[in-house]
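Engineer: For reference, the chains in residue letters:
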Amino acid sequence: MDLGAHAPLLVLGLPFAAFLLLAVVAPLRRAGRAAGAVSILAAAVALVAALGVWRDGARRTLTWAWIPADGGPMATVGLLVDPLSSAMLVLVTLVSLLVQVYSLAYLADERAPSLGRYYTYQSLFAFSMLGLVLSPSFVQMFVFWELVGLCSYLLIGYWYERPSAARAAVKAFWITKLGDLGFVVGIVMLWGATGTFEFQALFTKAQEHALAIEGLGTIMFLIYLGAVGKSAQFPLHVWLPDAMEGPTPVSALIHAATMVTAGVFLVARAQPLFALTPEVLTLIGWVGAFTALLAASMACVEGDIKRVLAYSTVSQLGYMMAAAGAGAAYASVLHLLTHGLFKALLFLGAGAVIHAVGTNDIFRMGGLFRVMPQTGVLFIVGTLALAGLPPLAGFFSKEAVLAGVWEARMTWPFLMLALTAFLTAFYMFRVVFIAFFGRARAPGHPHEAPWLMRGPLWLLAVLTVLVGLRLGLAGGDAQHGPGWLAPASVAWALGGILLAWATYQRRAVDPARLAGTFPLSLLDFLARRRYGLDALYDGLYRGFILGFSRLIGWIDRYLVDGVLNFLSAGTLRAGDLVRRIQSGQAQDYVYGVAFGVLLLFVWAQWWRR
Amino acid sequence: MSLYAYLTLAALVFAIGLFGVLTRRNAVGLLLGIELMLNAVNINLVAFARFRADVAGLVFTLFTISITVAEVAVGLAIVIAIFRVRRTVEADRLDLLRG
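The listed protein sequences correspond, in order, to chains A and Y.
Take 858 as the starting number for the first sequence in the working numbering and just add one per residue.
Take 857 as the starting number for the second sequence in the working numbering and just add one per residue.
Next up, chain A with everything else stripped away, as it sits in the complex:
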């Protein structure tokens, strides 16, 4: 048997097998830690297989007919292995495995059945995300796209007893669905125009200039809408910060490293199609850059460590989308991969901090560096990578993004991204200085996290550094921007760090006064209110959907029910009237019979005449 061809199948099949096992064998699931062991084992073997696929580097396509039709199958399922998907395979399995190991310690206090439920969802998520990455056609991608959405919903609402978590789960589900609606309409329209869902067939047509379809721009825009919802682009980004209600490892895996990047992956995967519609690409670039800046500004005023990271994820997703919009798919995917590593590191680090102090509020932490030096160092490594300092992974991918946007002559998006880079360094170091070096005392006795949690952190940090070094040494195709770009981006990052240091460490600048001066005060006011977007959605929801529901409710209650109530009341009343005939006295009945017979006689006499 050719193992090479089947390794991707193994990667995909193992988490699914683990999910099925945990879903069907209830005693195993309820055992908690044993369920975790099964899931972790599957993820570990899948990681090894994924590494094999990645090392192999061959392009492979395995397909099976799915929806048979007269002229060949209407849709197929299968696996598409190429450098893009195999790199994603490694990222997904790696982060998945580390997060699952980490969760063993992080969720140690959970009851065994809920822990088992957690690992069941985790396995299902790993399977769905891998299936999405390996999809050779839009239909299969959509199916897995929805599956990861479902897993996201389930895991955000993991602590479903909390009303806020349940609400956040529903919000995430509905807002991403809004984008998915565009996605599914888009792929069906594309199928209507070309008759195929297959990426390969579509790309071949695109290369042969056989895709001059009327309304291709609309189709690609609709498909992009799916990415807007999933990758939390403006204006559908509001669900991601709320998604932080889920357990922190879930945020690290789904809402930082993997699922939210599915939108970027989609744009990268369909790059040959998007290339045919430059106007959509320009829109993607602008929206991406705007999202990056908007989210960064909101991160600057946030006091919840996980929400800061969530906004920074939105911001970095904006970076990736901007690069994709500028036609630099390589930079976009590179940033996706490196961001997956260091954002998972940051989230897991934040999880270790939250685990130790029991609060998300950075102003109630402080001086944590002394009690948790390892976590502190690791968190700072992640922060430096996110801020974009060499030689860490984030620097090179960020520079590639900026270079790509600059090359595409998108000056305004470039400026927005540059400002975002400055803000990123500022808000991340704001968290570091307040939480790890601040003067506030954390409640209780914070202590270093157990090894099960520190291990994945160390691994991710080492990988962040190694990937950075590797990229730095390889140089080459990533850096084709102007020569001043690298020093400039380092300068922006350092400027941000310096400002954060001066404000929150030296206290040379009073943050309250900084936020009080005119143009900043307005921004501060708006950013603290999230630019009114949440309120807008809330208002739309309350005004439009609830209003509509009320109208429907009124119609149901008073029109539909009214007719039925009228009918039933009439029946009751008529019955009340008629039942008096039924006197229960045999003589009355005999009267009736005699009278009837009399009538019959009279009628018979009259009729005979």
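A few of these clues could be false.
Sample of chain Y residues lacking proximity to chain A, with all beta carbon distances greater than 10 Å (derived) [stated by the list, open to error]:
id: 1; residue: Leu868
id: 2; residue: Val869
id: 3; residue: Glu891
id: 4; residue: Asn895
id: 5; residue: Val911
id: 6; residue: Phe919
id: 7; residue: Ile921
id: 8; residue: Thr924
id: 9; residue: Glu927
id: 10; residue: Val928
id: 11; residue: Leu932
id: 12; residue: Ile936
id: 13; residue: Ala947
Here are the computed distance ranges between Cβ atoms for each label pair [stated by the list, open to error]:
id: 14; chain 1: Y; residue 1: Val928; chain 2: A; residue 2: Phe1423; range: 50 to 58 Å
id: 15; chain 1: Y; residue 1: Leu952; chain 2: A; residue 2: Ser1406; range: 47 to 55 Å
id: 16; chain 1: A; residue 1: Arg1436; chain 2: Y; residue 2: Arg880; range: 23 to 31 Å
id: 17; chain 1: Y; residue 1: Ile936; chain 2: A; residue 2: Asp1445; range: 19 to 27 Å
Worth flagging that the hints you see were computed from the coordinates, not collected in a lab.
The C-beta atom is built at its ideal place from N, Cα and C for all residues, glycine as well.
Add chain Y to chain A, keeping to what the hints say.
Structural biologist: Chain Y alone, transformed into the frame defined by chain A:
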């Protein structure tokens, strides 16, 4: 005497019986009324048998008489049973089946 005299007598007896059934308040009176109505039928049957020279009418009459006896036995038993439970045989008050 012609057939019509018998038939008129039978009709009269039947009408009296029906009147009794409809107006009597005592359950035993009701049963008596029913007896009269059945005997009116018997008169009819015997009259037709006599004037048509057909024995079948007489046979039917015998049947009717025996059935009437049985009916009276059952009817009186029911009346007694009702009296034991309700302590009354007033037809007006036996209205358990009222709707």
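Engineer: Determine for every hint whether it applies to the structure shown.
Structural biologist: Against the structure, the hints come out as follows:
Taking the minimum C-beta to C-beta distance to chain A, about 16 Å, the non-interface status of Leu868(Y) holds against the 10 Å cut. With a closest Cβ-Cβ approach of about 15 Å to chain A, Val869(Y) is found to remain outside the 10 Å limit, as its non-interface label requires. For Glu891(Y), the non-interface assignment is confirmed: its Cβ lies about 15 Å from the closest Cβ of chain A, beyond the 10 Å cut-off. Non-interface status of Asn895(Y) relative to chain A is upheld: no Cβ of that chain comes within 10 Å, the nearest being about 18 Å off.
The claim that Val911(Y) lies off the interface holds: its Cβ sits roughly 30 Å from the closest Cβ of chain A, which is beyond the 10 Å cut-off. Chain A leaves Phe919(Y) outside its interface by the beta-carbon criterion, the shortest separation being 23 Å against a cut-off of 10 Å. Even its closest Cβ contact with chain A, about 23 Å, leaves Ile921(Y) beyond 10 Å, as expected for a residue assigned away from the interface. The non-interface label for Thr924(Y) is consistent with chain A: the shortest C-beta to C-beta separation is roughly 18 Å, beyond 10 Å.
With 10 Å as the threshold on Cβ separation, the claim that Glu927(Y) sits away from chain A holds: the shortest Cβ distance comes to roughly 15 Å. Distance to chain A confirms Val928(Y) as a non-interface residue, since its nearest Cβ pair spans about 17 Å, more than 10 Å. With a least CB separation of 16 Å from chain A, Leu932(Y) remains clear of the 10 Å interface cut-off, as annotated. Its beta-carbon lying about 17 Å from the closest one in chain A, Ile936(Y) satisfies the requirement of being farther than 10 Å from that chain.
At roughly 6 Å from the closest C-beta of chain A, the C-beta of Ala947(Y) falls inside 10 Å, breaking its exclusion from the interface. The hinted window of 50 to 58 Å between Val928(Y) and Phe1423(A) holds, with their beta carbons roughly 53 Å apart. Distance hint for Leu952(Y) and Ser1406(A): a CB-CB separation of about 52 Å, consistent with the stated range 47 to 55 Å. Here the CB-CB span from Arg1436(A) to Arg880(Y) is close to 26 Å, well matched to the stated 23 to 31 Å.
A hinted range of 19 to 27 Å for the beta carbons of Ile936(Y) and Asp1445(A) is consistent with their spacing of about 23 Å.
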